[in-house]
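Got chain A sorted already, so can you dock chain B onto it with the hints?
Protein chains in written order, with the working numbering: chain A, 677 to 792; chain B, 583 to 694.
Only true hints are included.
Below, in silico cross-link-like pairs of lysine-lysine (DSBU-like), each with a Cα-Cα straight-line distance of 35 Å or less: (1) 624/B to 745/A; (2) 681/B to 694/A; (3) 639/B to 624/B; (4) 640/B to 604/B; (5) 604/B to 733/A; (6) 741/A to 653/B; (7) 745/A to 693/A; (8) 619/B to 733/A; (9) 693/A to 681/B; (10) 681/B to 741/A; (11) 681/B to 745/A; (12) 693/A to 619/B; (13) 619/B to 741/A; (14) 694/A to 624/B.
Just so you know, these hints were derived from the structure itself, not from any lab. Being a predicted model, the structure only gives us computed values, none of them experimental.
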Amino acid sequence: EAQVTQNPRYLITVTGKKLTVTCSQNMNHEYMSWYRQDPGLGLRQIYYSMNVEVTDKGDVPEGYKVSRKEKRNFPLILESPSPNQTSLYFCASSYTTGRAVGGEQFFGPGTRLTVL
Amino acid sequence: GENVEQHPSTLSVQEGDSAVIKCTYSDSASNYFPWYKQELGKRPQLIIDIRSNVGEKKDQRIAVTLNKTAKHFSLHITETQPEDSAVYFCAASWTAGNKLTFGGGTRVLVKP
Chain A
677 EAQVTQNPRY LITVTGKKLT VTCSQNMNHE YMSWYRQDPG LGLRQIYYSM
727 NVEVTDKGDV PEGYKVSRKE KRNFPLILES PSPNQTSLYF CASSYTTGRA
777 VGGEQFFGPG TRLTVL
Chain B
583 GENVEQHPST LSVQEGDSAV IKCTYSDSAS NYFPWYKQEL GKRPQLIIDI
633 RSNVGEKKDQ RIAVTLNKTA KHFSLHITET QPEDSAVYFC AASWTAGNKL
683 TFGGGTRVLV KP
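So that you can see chain A by itself, here it is in the shape it has in the complex (with noise of 0.2 Å):
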């Protein structure tokens, strides 16, 4: 079944603490992204990655890192989690044309974050 997963689904931490979470998509995709989704806010894109060792900002990048060093694997990475970024989670992927996204983002079924 093509899809895409993350992992812990449910998270919550205290201050400071370093946390990961993974997303892990089977359908050969090579843009991948994170996305943070606040009442009233929308989905806000962290971070996305155009290919293996290829990534870059997006627009809430602050306090946030990210790898791609497999096609399939695009985990972000809480360094020191602050309770502002107590948020609900979701990585998404895509096919690419050329150089842009192809269309559809399939989305993982999120991650709810809370740091204390």
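Relative to chain A, chain B alone:
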């Protein structure tokens, strides 16, 4: 960068009536406009999209219209049903770029 505004933020309609959600965008270079539906507790899923070379696209009870001159696009849902109740997001991007900018979302409630 691109800015997408979406209205209304909430919309309540009677079953069988139509629902219309409007979005405006700021970057005239944007040429790809998808709409995503997110049911409660679920992930967003694409329901329809339109590219700038067409003015309207339909898929059964949903349609999207695009006015590039005015930089706005709209989602139309006809004959609404309870299963249409969800949050709907519009988005905009340009196909030479890699960023998708979303609107703030519209919570649609279809009352039986």
